[in-house]
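Chemist: Listed in order, the protein sequences are those of chains L and B.
Our numbering puts the first residue of the first sequence at 1, with every later residue one more than the last.
Our numbering puts the first residue of the second sequence at 1, with every later residue one more than the last.
Take these hints with a grain of salt, some might be off.
[To be verified] DSSO-like cross-link-like pairs, simulated, lysine-lysine; straight-line CA separation at most 30 Å: (1) L:K338 with B:K171; (2) L:K342 with B:K14; (3) B:K156 with L:K344; (4) B:K156 with L:K342.
[To be verified] Ranges of calculated distance between the beta carbons of each label pair, as one might list FRET restraints: (5) L:G25 with B:I219: 15 to 25 Å; (6) L:K226 with B:F142: 33 to 43 Å; (7) L:A12 with B:K14: 52 to 62 Å; (8) B:L222 with L:T199: 41 to 51 Å; (9) L:L133 with B:V125: 51 to 61 Å; (10) B:R190 with L:L150: 53 to 63 Å; (11) B:G218 with L:V343: 52 to 62 Å; (12) B:Q193 with L:A157: 28 to 38 Å; (13) L:K205 with B:P166: 12 to 22 Å; (14) L:G25 with B:G218: 34 to 44 Å; (15) L:V24 with B:I58: 43 to 53 Å.
It should be emphasised that the hints constitute simulated quantities derived from the structure, not laboratory data.
C-beta atoms are modelled at their ideal positions from N, C-alpha and C, and glycine is treated no differently.
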Amino acid sequence: MSHIHIPDGILAWWIWVPALILVVGILFMIFKGWNQEEARRLVPLAAMMSALMLITMSVPLFIVPVHLTLAVLAGLMVGPKMAFLSILVVNTILASLGHSGVTLVGLNTLIIGLEMFVGVMIFRLLSKIISTLPSAIIATVVGLSLSLSLSFGLVVATVGLAEALPHEEHDDELNDGEIVDHNRSLFPGNEFFTLTLPTLNHVDKITIVEESDELVKIIVESHNVKGLLNEMFAELEELGWEKVGQSNIYKGSYTIDDVELFYHEIVGSEGLIEFELILIDEDHDHDDHDDYDDHDHEDLETILSEINYLGFSGWLAVIMIYLMGITLESTATGFIYKSLKKVKKD
Amino acid sequence: MHLADIDYQALSKKSWLHDRRTDVKLFSSALILLAVLITQNITTLVVILSILFFSLLIGKLSIKTIIHLSFFPLFFSSLFIGLLWSSNPQLGLLSLLKALSSAWIMISLVASTAYVDIFASMAKVFPSLIVDLFMFTYRAFFILIEKMSDLIRIIKLRGGYHPYHPIRNIKNISSALALLFLRAFEMNDRMYQIYTLRGYQGKLPLREEQKPLTHHDGILLLLSLGLMLGALL
Numbered sequence: 001m002s003h004i005h006i007p008d009g010i011l012a013w014w015i016w017v018p019a020l021i022l023v024v025g026i027l028f029m030i031f032k033g034w035n036q037e038e039a040r041r042l043v044p045l046a047a048m049m050s051a052l053m054l055i056t057m058s059v060p061l062f063i064v065p066v067h068l069t070l071a072v073l074a075g076l077m078v079g080p081k082m083a084f085l086s087i088l089v090v091n092t093i094l095a096s097l098g099h100s101g102v103t104l105v106g107l108n109t110l111i112i113g114l115e116m117f118v119g120v121m122i123f124r125l126l127s128k129i130i131s132t133l134p135s136a137i138i139a140t141v142v143g144l145s146l147s148l149s150l151s152f153g154l155v156v157a158t159v160g161l162a163e164a165l166p167h168e169e170h171d172d173e174l175n176d177g178e179i180v181d182h183n184r185s186l187f188p189g190n191e192f193f194t195l196t197l198p199t200l201n202h203v204d205k206i207t208i209v210e211e212s213d214e215l216v217k218i219i220v221e222s223h224n225v226k227g228l229l230n231e232m233f234a235e236l237e238e239l240g241w242e243k244v245g246q247s248n249i250y251k252g253s254y255t256i257d258d259v260e261l262f263y264h265e266i267v268g269s270e271g272l273i274e275f276e277l278i279l280i281d282e283d284h285d286h287d288d289h290d291d292y293d294d295h296d297h298e299d300l301e302t303i304l305s306e307i308n309y310l311g312f313s314g315w316l317a318v319i320m321i322y323l324m325g326i327t328l329e330s331t332a333t334g335f336i337y338k339s340l341k342k343v344k345k346d
Numbered sequence: 001m002h003l004a005d006i007d008y009q010a011l012s013k014k015s016w017l018h019d020r021r022t023d024v025k026l027f028s029s030a031l032i033l034l035a036v037l038i039t040q041n042i043t044t045l046v047v048i049l050s051i052l053f054f055s056l057l058i059g060k061l062s063i064k065t066i067i068h069l070s071f072f073p074l075f076f077s078s079l080f081i082g083l084l085w086s087s088n089p090q091l092g093l094l095s096l097l098k099a100l101s102s103a104w105i106m107i108s109l110v111a112s113t114a115y116v117d118i119f120a121s122m123a124k125v126f127p128s129l130i131v132d133l134f135m136f137t138y139r140a141f142f143i144l145i146e147k148m149s150d151l152i153r154i155i156k157l158r159g160g161y162h163p164y165h166p167i168r169n170i171k172n173i174s175s176a177l178a179l180l181f182l183r184a185f186e187m188n189d190r191m192y193q194i195y196t197l198r199g200y201q202g203k204l205p206l207r208e209e210q211k212p213l214t215h216h217d218g219i220l221l222l223l224s225l226g227l228m229l230g231a232l233l
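With these hints in hand, go ahead and build the complete structure from the sequences.
Modeler: Shown next, in the form of structure tokens:
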């Protein structure tokens, strides 16, 4: 369920490459100091578990538009180390069949591996106090909720779900092709857009997307985004702008007097950066930002309104889908593990 | 799940792509995948896709099978692409082509190369335990699929499934899965015992048939290198 299905080429390399390196590191730690004899004995069981996961992960459930993973069950059956290898094998095979990107194997292995590890640890704690079935169910619920939040958060933060949602402005952003007019009446701080930005070496094209009394929004096309941003930082600081926040080089904000400048690379389209100048009036400061947020929320709501499940729609439908998925996965894990324990105590 | 179909395709068909060396195909696939990842140009992706489509046809895959196999990446990426499409159609198209290209690269590889040969090549790089796990998983998958179809039939015949009793269904299906798992595990365990008796010590002796490097392999390498350079430029 927490498996990320984004195709190759969408997530930035600095997300999936470290994930792959981390997986290699974990593998190194697993193999280091592992009893090879014991590991070999577990291979058939782990393979069986991988095959079961392979089947459950490749078939979306009909009653819920998600698929199970049974990662916690794998951890309970073969232990966290071998289960981690199983998860890696399953993700690799699924990726080779077009189910999520090949580059996402590391990230998916980490997320599902975390779900498995947390689930197993909680089960070990709980099974000392309560019986097998509730322990397995609770452990799966906690593990799955964690991994689900992580994968959802990661997708939203990196792919920028909110940013990817339809903005009215985006409909004509590139069609207009309107170049910034240097003689335009100056919005406070707009001299940076009109006078400084066009002179930077790495700017290929500037397009106005929106212009009002409180907001100026432009999109800059560049063949070298990093070079452009470095140039821009130097110019801004020279002009007296103050850095307010920077989550990474491609996203941040600056301020001067009563104007705030936001910039971010448009995710997935290399070479395009969106800039916004927002007028911060002391009385309307929060309102302006709220308006901006509200606009995004409106778009999000439009998309969400199209999601319907069990008579619910919007966020409620999304929550219901995930709740149903978590319930199914945890009860299935609990019952399978209980049945297995009943037949085979060891 | 199309693993069985792809396996049949890789083992029973003969084509120009089937005859290429496994290591050459792996390296070429990696190069083309890299080209798909780095390019932001729709025309380049269309060229790559056309070549991949042609290679899938060369690999004796029917158009019906290609469409069937393409459904997987398209289905799973549809939501994301749908969101992009409404805000930036060009970016949506780019993502769609990338998803399809990377899936076709992998399909053309696995549909023209026996899994055993891929595992044998992997054994040169990966720890033997992981390669063994791949091999055993591959075998276990077919055992499970066969047992599962029998089991589903039995559950239905004995009235173990009722659309209006979800909890009872979950309990029955979970018990059935547990039983299935145990049976399949016993079969796999027996196989492990046989392997151990025959001297298995944590490394399956995978023997890759080393075909001589021919100019045809060179053509494949040059083509993938060309695509890679094309994407870079």
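Chemist: Could one say that the CB atoms of R190 of chain B and L150 of chain L fall in the range 53 to 63 Å?
Modeler: The hinted range 53 to 63 Å is violated for R190 of chain B and L150 of chain L, with Cβ atoms some 39 Å apart.
Chemist: Do K226 of chain L and F142 of chain B keep their Cβ atoms within the hinted range of 33 to 43 Å?
Modeler: violated (49 Å)
Chemist: Measuring from beta carbon to beta carbon, are Q193 of chain B and A157 of chain L in 28 to 38 Å?
Modeler: violated (49 Å)
Chemist: Given the hint of 34 to 44 Å, check if G25 of chain L and G218 of chain B actually sit that far apart at their C-beta atoms.
Modeler: holds (37 Å)
Chemist: Note whether the CB distance of A12 of chain L and K14 of chain B lies within 52 to 62 Å or breaks it.
Modeler: Given range 52 to 62 Å: violated, Cβ gap about 41 Å.
Chemist: Do the Cβ positions of G25 of chain L and I219 of chain B conform to the proposed distance bound of 15 to 25 Å?
Modeler: violated (39 Å)
Chemist: State, for the Cβ atoms of L222 of chain B and T199 of chain L, whether the hinted interval 41 to 51 Å holds or is violated.
Modeler: holds (44 Å)
Chemist: Given the hinted pair K156 of chain B and K342 of chain L, is their alpha-carbon gap at most 30 Å?
Modeler: holds (24 Å)
Chemist: With 43 to 53 Å as the target window, see if V24 of chain L and I58 of chain B comply at their CB atoms.
Modeler: Check failed, 35 Å falls outside 43 to 53 Å.
Chemist: Please check whether K205 of chain L and P166 of chain B have a Cβ separation lying inside 12 to 22 Å.
Modeler: Given range 12 to 22 Å: violated, Cβ gap about 57 Å.
Chemist: Look at the Cβ atoms of L133 of chain L and V125 of chain B and judge whether their distance stays inside 51 to 61 Å.
Modeler: This hint is violated: roughly 42 Å between Cβ atoms.
Chemist: Is K156 of chain B within 30 Å of K344 of chain L, Cα to Cα?
Modeler: OK: K156 of chain B and K344 of chain L at ~26 Å, within 30 Å.
Checked against the numbered hints above, the structure breaks hints 2, 5, 6, 7, 9, 10, 12, 13, 15 and satisfies the rest.
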